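Peer 1: One letter stands for each residue in the lines below.
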Amino acid sequence: MQLIVNGAEIPEVSARNVAELLRELGYVEHAGETPPHLAVAVNRELVRRAEYAAHELSADDEVEVLAPMAGG
Amino acid sequence: MQLIVNGAEIPEVSARNVAELLRELGYVEHAGETPPHLAVAVNRELVRRAEYAAHELSADDEVEVLAPMAGG
Amino acid sequence: MQLIVNGAEIPEVSARNVAELLRELGYVEHAGETPPHLAVAVNRELVRRAEYAAHELSADDEVEVLAPMAGG
Amino acid sequence: MQLIVNGAEIPEVSARNVAELLRELGYVEHAGETPPHLAVAVNRELVRRAEYAAHELSADDEVEVLAPMAGG
Amino acid sequence: MSEEMITTSWTLAGKTLSSRLLLGTARYPSPAALAASVRASGTGVVTVSLRRETGGGGDGRRFFDFLRQLDVAILPNTAGCRSAKEAVTTAMMAREVFDTPWIKLEVIGDDFTLQPDPFGLVDAAQILVRDGFEVFPYMTDDLVVAQRLVEVGCKILMPWGAPIGSGRGLANPEALRAFRLRFPEQTLVVDAGIGRPSHAAQAMELGFDGVLLNTAVAVAHDPVKMAGAFGEAVRAGRHGFEAGMMATRVKAEASTPVVGAPFRGHLRVD
Amino acid sequence: MSEEMITTSWTLAGKTLSSRLLLGTARYPSPAALAASVRASGTGVVTVSLRRETGGGGDGRRFFDFLRQLDVAILPNTAGCRSAKEAVTTAMMAREVFDTPWIKLEVIGDDFTLQPDPFGLVDAAQILVRDGFEVFPYMTDDLVVAQRLVEVGCKILMPWGAPIGSGRGLANPEALRAFRLRFPEQTLVVDAGIGRPSHAAQAMELGFDGVLLNTAVAVAHDPVKMAGAFGEAVRAGRHGFEAGMMATRVKAEASTPVVGAPFRGHLRVD
Amino acid sequence: MSEEMITTSWTLAGKTLSSRLLLGTARYPSPAALAASVRASGTGVVTVSLRRETGGGGDGRRFFDFLRQLDVAILPNTAGCRSAKEAVTTAMMAREVFDTPWIKLEVIGDDFTLQPDPFGLVDAAQILVRDGFEVFPYMTDDLVVAQRLVEVGCKILMPWGAPIGSGRGLANPEALRAFRLRFPEQTLVVDAGIGRPSHAAQAMELGFDGVLLNTAVAVAHDPVKMAGAFGEAVRAGRHGFEAGMMATRVKAEASTPVVGAPFRGHLRVD
Amino acid sequence: MSEEMITTSWTLAGKTLSSRLLLGTARYPSPAALAASVRASGTGVVTVSLRRETGGGGDGRRFFDFLRQLDVAILPNTAGCRSAKEAVTTAMMAREVFDTPWIKLEVIGDDFTLQPDPFGLVDAAQILVRDGFEVFPYMTDDLVVAQRLVEVGCKILMPWGAPIGSGRGLANPEALRAFRLRFPEQTLVVDAGIGRPSHAAQAMELGFDGVLLNTAVAVAHDPVKMAGAFGEAVRAGRHGFEAGMMATRVKAEASTPVVGAPFRGHLRVD
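Protein chains in written order, with this note's numbering: chain A, 14 to 85; chain B, 14 to 85; chain C, 14 to 85; chain D, 14 to 85; chain E, 295 to 564; chain F, 295 to 564; chain G, 295 to 564; chain H, 295 to 564.
Read the hints as simulated data drawn from the structure, not as lab findings.
Just so we're clear, the structure is a prediction, and the values are computed from it rather than from any experiment.
Take the hints with a grain of salt, since some may be wrong.
Under the rule of at most 20 Å between Cα atoms (straight-line distance), these lysine to aspartate or glutamate pairs were calculated in the EDC-like manner [as the list claims (entries may be wrong)]:
#1 G:LYS379 / G:GLU390
#2 G:LYS379 / A:GLU58
#3 E:LYS449 / G:GLU468
#4 F:LYS379 / D:GLU46
#5 G:LYS545 / H:ASP405
#6 E:LYS379 / B:GLU46
#7 G:LYS379 / A:GLU25
#8 H:LYS545 / E:ASP404
#9 F:LYS545 / E:ASP404
#10 F:LYS545 / G:GLU468
#11 E:LYS545 / F:ASP404
#12 F:LYS309 / F:ASP365
#13 G:LYS545 / F:ASP404
#14 G:LYS545 / H:ASP404
#15 E:LYS545 / F:ASP405
#16 F:LYS379 / D:GLU25
#17 F:LYS379 / D:GLU75
#18 E:LYS379 / B:GLU75
#19 H:LYS379 / C:GLU75
#20 E:LYS379 / B:GLU33
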């Protein structure tokens, strides 16, 4: 399954939900971790931490994984 | 029939259309005149000169009769 | 002897020097006192405290007796 | 005789007065000419045209010969 | 040369004009003063309004006839309208009376500053452009609102200089400068806030295409002379813009050249 | 009406002039551009300088002849002088050449700002007035220096707007406003610092009698057009002053009257 | 007395703060400089952003931990968003990360000026307020847009002083003054355009409740000292506002009383 | 860090001071308000005057005793003097009373603006410096007069910001900027015209060494709080100057970095 993560196409993703995706892409070590500094949106809708495992991914979903940065 | 003309209630109007109203209120001498300096709206919609006679009035219609004035 | 003190004519002055003048006009109780808050000029020249007794006055001398005041 | 003309030292001048100097330095063709566009000062004092011949020069005189130029 | 300049014409919404001044018709001491001011100003466009006419009253007709004899283009406004709907209806009534697609679109959103309402303005402009109007939107100096107006079809933009009738001049010249940079193709007119001829000249120096004003002329001690003054000021500013103005310098620089200055230390010449 | 205004004349040091602009002659791209600029500006007075002439050189004579054909009054300056003595001698030489008692008196006291030296200025002015000159002192906006100059006989005062050649406009308009209040009888000319037509108009709106400038015209992309622009700006500002300008308001005030506005809440009429 | 003043607190969106300065966290030379600047400024609120995090990258986590140790309130922004939709999603993500309903709402509408888009701003604010956010809208000085924002539930308004990062100060102080008059109940913060401590003081003197800035501190030669300077400037301006500033006068007025001045003409006393 | 800044000291005429604010003592509602204002401001120098004392009257003595308990340096002025001679005598009398060589030298030349007389000022300064005084000349922003004062021995220069008591702030900031450039070695204090804390901060941002003011504090609704405000403003401006302020930009520049912004067009990664 191909996804677009942070604007880049990732051609072969095996993760079926957000929790697995975060582990597959190295954001966490174990599926199920919910790092407090991350926020995830799929197709421009927030996915809350509690829903990482429940939120299933579809091909061509656009995923944003954001974290804090300096800002004005 | 009661109308509101230029913001004022006119209790007993016998005119049935705009052309007759203009004559009844003294804007013109004869129904059918279409003075070039006047514009008429009924219920906030323009009534073109050609439609003065055809545009029938209903009770409580709000009529505006406007003419040129200095402006900035 | 007439003097001008702080812009006002004083017609009959008996003091012969500044020290006596200060006493005569009530600035000090005893001739010889040199109040630290006062400064005296005669004819637009400063008379230092040490010279109060020695500085003799002449008729029509213009005397200024100044003291501190609020200023910007 | 040496003169300073317009800020430059001129070592061997034979002219004895302003009229001759103007001819010697090429400002005029004949001594006696008084071009209307020129003004002459010697040692920072104006020499009027009528005095060109009468104004005798001394060694080390500073002569300014000025003419119109654009200005603001 | 200078005579040619004065007659240089420009095009406003398809109409060829010689003056870049647009003049309001309100608040003059008399119709005669208004007529003389229009002539003295050299303007080719005046703004007018529509107001309620009493039956039997002839004020509107007299002003209508008066306008015709001025022999200038008429730019009706929607002054006093507080919603897009009111403004659209007023615009249509104005077109009926003045037989022109031109409309100065005002949708007021604030009583204290008489600031235009950007939301109602864009809505009304969209409707009117689609209906064939040439919309002259009276607006703030907001670039994003301007972009929206352009998107809905406005070819003319009229940002304010300062609140109407305040006479304060250009409250934010940098914002107007940005307007010119952002909208090189649109016709830009400063409308409102102008109090003095120098304000009008400054607007033109920024590269604006025209200036619209009313109060500064109408309430002057001598409106006719003031009208002439503004006509000249608009020309002065425009010609200054076209002639390419000098850059500002921090340090002074002599205009009179310093080479050859008298009484300076002398060089030895051998 | 407007034509009459344009030809209204004024008197400068006894000479009747139609334009209130005084123009410098330096830094133009060519003599032809200078001549055309003088004509386009409408000015009746140009400033010139004196510089060292080489024997056999004809520059000075050519410029002298050129000036005569311009048919305008000549106001020689003492540009570059750094002491009263130098300025006095230069003034006398200028009178010899140009056959005029007029002198623009410059005594420079600071290299960075080319600011006039008030001490040397007053000294030189006193000597020159006694010797019959009509002194046009180039000065800062210092009222006390101005008072001294008036006391030694100056009838004309020329405060700067900003440092020469900076083009910044009026650095301290309030100071210039005070000048007009303090010296209602003197002829007041803003000299130096003007960069744009609107600056010149602003100076005139303050009630000044004239404006003297040079760089802003000479270094413009198109000096001739810019000269015309400044001629218009000076007229615009003067006419604005004469016509009585509106007071500035904090609050907006509708130009279009609000009485009779359509679509407003209706009154009951019985 | 002065110590008491310094500790006077105020309330921003329900949070009690001692400083009226809000500080951005971007563009500092180092995290240490940022941390020291936050402390030197005395601020109790810093703005932050969200950006794409790479898998395995730890930048975001480090900055997250860093922020926690600063021990100040976090105001996340939606910087870079160009539509209401983007801004709303970003706001929701920010709430997830920072566990706060506060959001500095930016919807940019113009690339040159980074001007906020009033249309997208109102739309996004309405959605976010309904969803429980405390919206801090970054906006222009448009009063009608402000009124709309208030109508959709904003209790805080953050008009710009000038375009972001320009450092020009208050481009239109009169517009900000009108803001304070029109919105006496809302919390008003000047956001963007501040370049110098005096600019911040001026904003506070207008009666604004706070000032938000970033670049002026971060790119200073010495950001930590500059942070302190802005902390002082905001206090100075606020205390000046609270203390009731003198009215401006045209004419000079002696501070030292003139009665009793020495060397004046004498009175005869008999 | 910020505490260190606040205690940074400087040297004025050989005296070490912690605050760069100099405060006048006139026009306060009461001696208690004056004393509290002096303390709240943090100033180490107050200006005072001399006036005619009546025999038997104790006003002068009371004020003299009052000043001693303030425990700050006294800077007597020659306010109201209209000639060099009067000012010199007054200075000598002040030295007799206050036992200090410091003198704020005022020679007024114009009643409307209370502008200093440059001629009398230089004459008096020369006499006083020779007699051992430390002269603080109150002057306009005239660079040539400043140069003369330096030549006669002044190490301190106090140009005005605007006319005394006008509260208008810095009428000509560029002139003051030129002062700092021209006189890098002299101690420069802006004296007069300051109305608001932001004005004082602006003066310090220009690199001035101090600010002297009176009316803005004394006539405030709450003079004590205003005194504190000015103390903070002077620190803010000084620290801003020392910290190296950002350059002004015409174009906006995002403070929040744009790299990594979410929701942007995606790149293909193979």
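Peer 1: For every hint, state whether the structure bears it out.
Peer 2: So, going through the hints one by one against the coordinates:
| no. | hint | result |
| --- | --- | --- |
| 1 | G:LYS379 / G:GLU390 | 17 Å, holds |
| 2 | G:LYS379 / A:GLU58 | 9 Å, holds |
| 3 | E:LYS449 / G:GLU468 | 29 Å, violated |
| 4 | F:LYS379 / D:GLU46 | 28 Å, violated |
| 5 | G:LYS545 / H:ASP405 | 10 Å, holds |
| 6 | E:LYS379 / B:GLU46 | 28 Å, violated |
| 7 | G:LYS379 / A:GLU25 | 29 Å, violated |
| 8 | H:LYS545 / E:ASP404 | 30 Å, violated |
| 9 | F:LYS545 / E:ASP404 | 11 Å, holds |
| 10 | F:LYS545 / G:GLU468 | 10 Å, holds |
| 11 | E:LYS545 / F:ASP404 | 11 Å, holds |
| 12 | F:LYS309 / F:ASP365 | 14 Å, holds |
| 13 | G:LYS545 / F:ASP404 | 30 Å, violated |
| 14 | G:LYS545 / H:ASP404 | 11 Å, holds |
| 15 | E:LYS545 / F:ASP405 | 10 Å, holds |
| 16 | F:LYS379 / D:GLU25 | 29 Å, violated |
| 17 | F:LYS379 / D:GLU75 | 15 Å, holds |
| 18 | E:LYS379 / B:GLU75 | 15 Å, holds |
| 19 | H:LYS379 / C:GLU75 | 15 Å, holds |
| 20 | E:LYS379 / B:GLU33 | 27 Å, violated |
Going down the numbered hints, you'll see the structure goes against 3, 4, 6, 7, 8, 13, 16 and 20, while the others check out.
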